[in-house]
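K.L.:
Could you build the full structure based on these sequences and the hints that come with them?
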Amino acid sequence: MSVCVTTNYLDPQSIYPVIDPHRLAGSGPWEFGYALALDTVRITVERNPVLSRCEMRVSLTTTLTEGKEITAFNLFANNVVDRIGSAPTGVTATEMEIFKAGQPCEAGADTVVLCRWYAWPRSLTAMYTFLPQDFWDFWGGSNVNFAWLRDDLGSGLWGNQMPPFDYSQETALDRTLRWDGTNYRVVVGGMDFVVHDLAYLTAMGLDRNSAVPWAGAASFPADFTLVREFSHYRVGPIRRMRMWIVFGGAKFHIPDTQTLQALGFDPSQVNVIPEGGTSKLGTMPIDGTLLREQSSSEVFLAKSNQLLLVPNQTAMERNCLPSRLVRIVPDRALTALPRGTLGT
Amino acid sequence: MTDPLFNGSKQLDGIVGGSGSQTAPAVVNGTARRTLWVKVTADGIPDPVLADDLRLLINEFVQSTGERREPGVSHPDTPGDIRIATHGLKLDPARLQELHRLMRERVREHMAHEEAEE
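In order, the protein sequences belong to chains A and F.
Throughout, the working numbering is defined as the position within the first sequence, counted from one, plus 8.
Heads up: the second sequence at position 35 corresponds to 22 in the working numbering, and the numbers run straight through without jumps.
Straight line, CA to CA, 20 angstroms or less: simulated SDA-like cross-link-like pairs of lysine to any residue:
hint	chain 1	residue 1	chain 2	residue 2
1	F	Lys77	A	Asn86
2	F	Lys77	A	Pro20
3	A	Lys311	A	Glu325
4	F	Lys77	A	Ala85
5	A	Lys288	A	Asn191
6	A	Lys311	A	Met292
7	F	Lys77	F	Gln50
8	A	Lys288	A	Thr184
9	F	Lys77	F	His87
10	A	Lys288	A	Thr179
11	F	Lys77	A	Asn87
12	A	Lys311	A	Ser331
13	F	Lys77	A	Tyr17
14	A	Lys311	A	Arg326
15	A	Lys288	A	His261
16	F	Lys77	A	Leu18
17	F	Lys77	A	Asp19
18	A	Lys311	A	Arg300
Rather than coming from a laboratory, the hints here were simulated on the basis of the structure.
All values derive from a computational prediction rather than experimental measurement.
P.N.:
Given below as structure tokens:
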């Protein structure tokens, strides 16, 4: 067995948070604004089904006069394994395909470093980077474009001064009412649901006059969104209020409040959506979603409309599947979905 | 989500450090503690548990006064067997050698334990 042990002191000033797209609504591509200490960069993350999660396609676009470079860095060798840059740096490539460092020790990249080629003193200066685990766990298997927008203005905040990214912004717009010219729509978990029955608005205390123009929405809600449908008491029998949790755009039934609480949620977190709203949610999560039933240790990876059993932890690591992205669903919630097995 | 810094960009899905932007030079926190990052891969597969164990070992070793411990059972080093790269520790060569020996021992113990478990 060949073992590589790497230790390095990383400078927390240069390390910026990696936004986890799995916590956001829709399937992307996602556009993130990074106001770095002295610079402004827009990062676009787009899932690439051709790439494994151990691979990433990194590109740089900029029209700025001063040279910019992004280096793929291997921390074992403490060296650059690949680089892309803008014209003034003399680096001609603007796109590179990198793979996660591992074997042999000096191969692959642990992270990328954003560098500036200062005019005076004329030298390349490493400025910003990302924690290796977060970088690969969240953006592995994607095309990641860095559009370097400005080098004369940033947030003034270095990585260690930067607050953690706040994912609650995804739910900040919950219960926002929108008007698309024909229908009212209510936002839940970043997605909006058409309101067919105006009794819903009354019951929810939503004022039609507060509706704002519809401006598009994600194709499905963010992970961990909890929903149940509104049931009009005057139309037919009162149905049992079925609760659902959303992962990878698919809905998973939560049979009762005890299960909801066992999953770590509170009934007050369940959003009431318009009747028929759950029909907009899928049954099979998008590719790349990792799932486990509550009482089981078996982890499944959603791929090509199947749930592939990941046989063991080694297979998880070999395929760069992060354990922290495994979503837990109620027991039997995965029973009806087609199965396969992931190769080791 | 919009921010004056990103004017001209389309709607953003998330902003890091957006509001409160300023033109003044950034204040660098000189007292920020550097983070010891440790990674272990065995045949290319990450072993986060062993990495965490080694991180604790290194932290303890670096903060110790440098007294030498009696070496345990010595193992001949197989070239390419366990490769260690330590950057930024600022230890003298003898102490660094001692640390590497302890790390190798810990890796071997861990691997032997893993094999016994299988």
